[in-house]
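There are 2 protein chains.
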Amino acid sequence: MARTTGSDGEKTEAAVREAAVNLIARLGYEAMSMRQLAAEVGVQAAALYRYFPTKEDLLFTLMREHMEGLLAAWSTARPAAADPVSRLAAYVENHIAFHIERRHATHVSNMELRSLSHERLTQVLKMRTAYEKELRTILRDGVEAGVFSIDDTGLTAMALIQMMTGVIVWFRPGERLSVTEVTTTYLSMTMRLVGAKIDASSAARPFGRVTDAVAL
Amino acid sequence: MARTTGSDGEKTEAAVREAAVNLIARLGYEAMSMRQLAAEVGVQAAALYRYFPTKEDLLFTLMREHMEGLLAAWSTARPAAADPVSRLAAYVENHIAFHIERRHATHVSNMELRSLSHERLTQVLKMRTAYEKELRTILRDGVEAGVFSIDDTGLTAMALIQMMTGVIVWFRPGERLSVTEVTTTYLSMTMRLVGAKIDASSAARPFGRVTDAVAL
Chain R
-10 MARTTGSDGE KTEAAVREAA VNLIARLGYE AMSMRQLAAE VGVQAAALYR
40 YFPTKEDLLF TLMREHMEGL LAAWSTARPA AADPVSRLAA YVENHIAFHI
90 ERRHATHVSN MELRSLSHER LTQVLKMRTA YEKELRTILR DGVEAGVFSI
140 DDTGLTAMAL IQMMTGVIVW FRPGERLSVT EVTTTYLSMT MRLVGAKIDA
190 SSAARPFGRV TDAVAL
Chain D
-10 MARTTGSDGE KTEAAVREAA VNLIARLGYE AMSMRQLAAE VGVQAAALYR
40 YFPTKEDLLF TLMREHMEGL LAAWSTARPA AADPVSRLAA YVENHIAFHI
90 ERRHATHVSN MELRSLSHER LTQVLKMRTA YEKELRTILR DGVEAGVFSI
140 DDTGLTAMAL IQMMTGVIVW FRPGERLSVT EVTTTYLSMT MRLVGAKIDA
190 SSAARPFGRV TDAVAL
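Residue numbers (the numbering used here), protein chains in the order written: chain R, -10 to 205; chain D, -10 to 205.
The following block holds chain R by itself, in its conformation from the complex:
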């Protein structure tokens, strides 16, 4: 399949993705037509198929890139230090910052898995599992180091991820709380939930990275 390259093609492809995320978030994937998407972007429907031969190719691209972006963001944010409290704090900060910036893409990624083919669903779920495993490893390391007190590592990881992703349901920039304030409160809830033992020196400035990491 020939692909349009160069700056104009890339701009069109980026515009298609952005419009698709917004249309799917508004209507749902099944209800969105490629014709409607083309009209939104201002191109002929045939032009869309140069970038995405099928509608499912488009959905899969959006979902794969969402997960690749999340894994890449975490790979950058992950601290070199082995201390489980710092690693958990970095995970929370990165997770909230990433999802608040991609509210519609997160809705699409969470709601439209049902429309992927079996093979592609497996690919996306593998990336999710890899990302969740990072959190489970941090939690397990913290338990082994005696700094976390957790009943069930798997359930705690799911609970934390759903609690954090839930921020996008109600958070709107410019309202009562800033991203930094929200993140500080979620860090504090997370540390209590995992029964973190934080020493006096770190308690004074418990999660010092917050203001840097969440400067959006």
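These are computed hints drawn from the structure, not numbers from a lab.
Just so it is clear, the structure is predicted and the values come from calculations on it, not from any experiment.
Please note that the accuracy of each hint is not assured.
Per label pair, the in silico range of CB-to-CB distance [what the hints assert, rightly or not]:
#, chain 1, residue 1, chain 2, residue 2, range
1, R, Asn11, D, Thr111, 16 to 26 Å
2, R, Arg129, D, Ser167, 20 to 30 Å
3, R, Asn99, D, Pro162, 20 to 30 Å
4, R, Glu123, D, Ser167, 26 to 36 Å
5, R, Arg103, D, Ala28, 14 to 24 Å
Facing chain R, according to a computed beta carbon distance under 8 Å, are these residues of chain D, among others [unchecked claim]:
#, residue
6, Arg103
7, Met178
8, Gly184
Glycine included, each C-beta is placed from N, C-alpha and C at the ideal position.
Starting from the structure of chain R, add chain D where the hints point.
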């Protein structure tokens, strides 16, 4: 609008609702047609309009009844005792039990708000706010009684609700954990998250109602 009453009509209406919840959960509301729904139930499309004059009437009915059911379940489960720890435990148990039993209806209620008219959206959101307020009141009472340690009551309520509702994403009956085991772990996470001070006597059987309340 004349409505079919009596047992056959009621059975058809119940079948329509059940089929609608499943179809909307699978396809999305915008993508579902009344014709498709009628075929699923095995009636003529015209028959559907006797029960639900418009597709949006159907959606609104599903959402309103979901929230009415949740408020009614909580009204029954709410303990007479004033103790905030027991009230919070009862809220968690009821929330998890209710949503695990209504996985598809919960998805529909959370995802399809975008398709309600402004007036009906307001009605549904009012019921949600009333339900969330119950939790905020428990949390505030606990802080005032000195048994909970919470930074932000509003954020904590949202975090808890999203953490608990998230159970439906991964929980399937008959897998590794029972509803009772899941609920016990979520109770323990909740109590840690709110910094609950639980005395020795209640710690021995900390959330004793669990096995009764969650007998599904």
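Status of the hints after comparison with the structure:
1. For the hinted restraint 16 to 26 Å between Asn11 of chain R and Thr111 of chain D, the CB-CB distance of approximately 24 Å keeps it satisfied.
2. At roughly 23 Å, the beta carbons of Arg129 of chain R and Ser167 of chain D sit within the given window of 20 to 30 Å.
3. Here the CB-CB span from Asn99 of chain R to Pro162 of chain D is close to 22 Å, well matched to the stated 20 to 30 Å.
4. The beta-carbon spacing between Glu123 of chain R and Ser167 of chain D, approximately 28 Å, falls within the hinted interval of 26 to 36 Å.
5. Against the hinted window of 14 to 24 Å, the Cβ-Cβ separation of Arg103 of chain R and Ala28 of chain D comes to about 20 Å, which satisfies the hint.
6. Interface hint at Arg103 of chain D: satisfied, since its Cβ lies 6 Å from the closest Cβ of chain R, which is below the 8 Å cut-off.
7. Annotation: interface hint on Met178 of chain D holds; nearest CB of chain R at approximately 5 Å, less than 8 Å.
8. The interface hint given for Gly184 of chain D is met, as the beta carbon of that residue sits about 6 Å from the closest beta carbon of chain R, less than 8 Å.
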